[in-house]
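2 protein chains.
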Amino acid sequence: MKIKVVTRIMEANDRIAAENKKFFNEAGVYVINLMSAPGAGKTSLIERTIKEYQGKLRVGVIEGDIAGTEDAQRIGGLGIPVIQINTGGACHLDANMINEAIVGLYLKDLDLLIIENVGNLVCPAEFKVGEDMKVMLLSVTEGDDKPLKYPLMFQESSALVLNKIDLLPYTNVDIGKIKKNSLSLNPTLKIFEVSCKTGEGIGEWAEWLQSLVR
Amino acid sequence: MKIKVVTRIMEANDRIAAENKKFFNEAGVYVINLMSAPGAGKTSLIERTIKEYQGKLRVGVIEGDIAGTEDAQRIGGLGIPVIQINTGGACHLDANMINEAIVGLYLKDLDLLIIENVGNLVCPAEFKVGEDMKVMLLSVTEGDDKPLKYPLMFQESSALVLNKIDLLPYTNVDIGKIKKNSLSLNPTLKIFEVSCKTGEGIGEWAEWLQSLVR
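From first to last, the protein sequence lines are chains A and B.
Going by the working numbering, the letters in the first sequence line up with residues 704 to 917, in that order.
Going by the working numbering, the letters in the second sequence line up with residues 704 to 917, in that order.
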């Protein structure tokens, strides 16, 4: 009985996600669903990426959080169209939340829409929101055991951005182990190493993402 | 209709949690539910805490993970009774999982049972498992904006352990802001600063926890 309810919820979500995707395609905007644990640096990566694209791409952002508007204020400060979603307790964004949020964005004015999901390595991976691609961010300070402990997110993502590499010398983390185990779960995963603090590696990531935007 | 289903699930969970708690009380074991984001250092804190209690307290551990047995192997290596729960996708432990796991532990031989929840700052805070106290671990590398973005966990916890303080000098994180905002959500929250890498602050935390164990 419980499974039936869950199945129905997932089917309804997938249907709305497909509608969102059609809507995004028609507007000519490429959409990424950015997921990570809390505090891995999603908003910092978005800030860095936006700066790389100044004068090149028109970017919009949807911020997903349980509560608060701190992230939207950070992004809005860069002069970028931004919508804040507060899930009010829910641990992930779903397609319906995005469907309601996009009425606040003029999509035809955008080339790239970045959806920042709720900080959570589990449930966001299960819910499509209408994205072209899922991107996962992992801070190296979270440890090298994450891929095998949270496999679904590594399997569902097209790209893995490893952040905070400036802190690597002060930890015991084996970045080679992260990469090896991530690729064992998802052999086509594209992996980037960056520091949103120093800017290292941001150029390579931004260039790759730009190559996907139509 | 959806809310009804959720309410029924929560009621069933609370009922089983109360049974677990009665069972723990009768066995004379104090139980903590340890929660954090992925990679904050829950297993490292447990390792450090166990070492502090050698010859003082008899400790058992239940490890909750989506997948894998790496944490249970780490704890088992210390000669401590340990049970691994694999939730198979679920993003939190619930009372029923604990109810099933404890048949594998001889509780009368324990003074303290540490339940390591799935790494997630959201859902674990909603599900009682039969614990005497919830403890939250936050790595300072996750940033100083976490309390206002994930308020429920800070409100539900009796203690907040701030880990990885050895990395503070290499970040822009304001630990004063973390403490101030945590206390604004939960004025009675007991806060500890530790480094599971260097051992700093572990003694104070372990002494306080031991004072609660009957």
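Possibly wrong hints are sitting among the right ones.
Claimed, not checked - When the alpha-carbon atoms are kept at most 27 Å apart in a straight line, the in silico DSS-like pairs for lysine-lysine are as follows:
{"no.": "1", "chain 1": "A", "residue 1": "K883", "chain 2": "B", "residue 2": "K880"}
{"no.": "2", "chain 1": "A", "residue 1": "K900", "chain 2": "B", "residue 2": "K754"}
{"no.": "3", "chain 1": "B", "residue 1": "K883", "chain 2": "A", "residue 2": "K900"}
{"no.": "4", "chain 1": "B", "residue 1": "K900", "chain 2": "A", "residue 2": "K900"}
{"no.": "5", "chain 1": "B", "residue 1": "K900", "chain 2": "A", "residue 2": "K880"}
{"no.": "6", "chain 1": "A", "residue 1": "K759", "chain 2": "A", "residue 2": "K725"}
{"no.": "7", "chain 1": "A", "residue 1": "K754", "chain 2": "A", "residue 2": "K893"}
{"no.": "8", "chain 1": "B", "residue 1": "K900", "chain 2": "B", "residue 2": "K880"}
{"no.": "9", "chain 1": "B", "residue 1": "K754", "chain 2": "B", "residue 2": "K900"}
{"no.": "10", "chain 1": "B", "residue 1": "K900", "chain 2": "A", "residue 2": "K882"}
{"no.": "11", "chain 1": "A", "residue 1": "K893", "chain 2": "A", "residue 2": "K725"}
Said to hold, decoys possible - Pairwise CB distance ranges, derived in the manner of DEER restraints:
{"no.": "12", "chain 1": "A", "residue 1": "S861", "chain 2": "B", "residue 2": "E722", "range": "53 to 59 Å"}
{"no.": "13", "chain 1": "A", "residue 1": "R711", "chain 2": "B", "residue 2": "G791", "range": "16 to 22 Å"}
{"no.": "14", "chain 1": "B", "residue 1": "T891", "chain 2": "A", "residue 2": "R761", "range": "47 to 53 Å"}
{"no.": "15", "chain 1": "B", "residue 1": "G782", "chain 2": "A", "residue 2": "S861", "range": "41 to 47 Å"}
{"no.": "16", "chain 1": "A", "residue 1": "R718", "chain 2": "B", "residue 2": "G902", "range": "48 to 54 Å"}
These aren't lab readings, by the way, just hints derived from the structure by calculation.
Note that the Cβ used here is the ideal one computed from N, Cα and C, for glycine as well.
The hints, checked one at a time:
no.: 1; hint: K883(A) - K880(B); result: 37 Å, violated
no.: 2; hint: K900(A) - K754(B); result: 35 Å, violated
no.: 3; hint: K883(B) - K900(A); result: 24 Å, holds
no.: 4; hint: K900(B) - K900(A); result: 23 Å, holds
no.: 5; hint: K900(B) - K880(A); result: 19 Å, holds
no.: 6; hint: K759(A) - K725(A); result: 24 Å, holds
no.: 7; hint: K754(A) - K893(A); result: 22 Å, holds
no.: 8; hint: K900(B) - K880(B); result: 23 Å, holds
no.: 9; hint: K754(B) - K900(B); result: 13 Å, holds
no.: 10; hint: K900(B) - K882(A); result: 23 Å, holds
no.: 11; hint: K893(A) - K725(A); result: 25 Å, holds
no.: 12; hint: S861(A) - E722(B): 53 to 59 Å; result: 45 Å, violated
no.: 13; hint: R711(A) - G791(B): 16 to 22 Å; result: 20 Å, holds
no.: 14; hint: T891(B) - R761(A): 47 to 53 Å; result: 48 Å, holds
no.: 15; hint: G782(B) - S861(A): 41 to 47 Å; result: 43 Å, holds
no.: 16; hint: R718(A) - G902(B): 48 to 54 Å; result: 53 Å, holds
Figure legend: structure checked against the earlier numbered hints; hints not met, in rising order: 1, 2 and 12.
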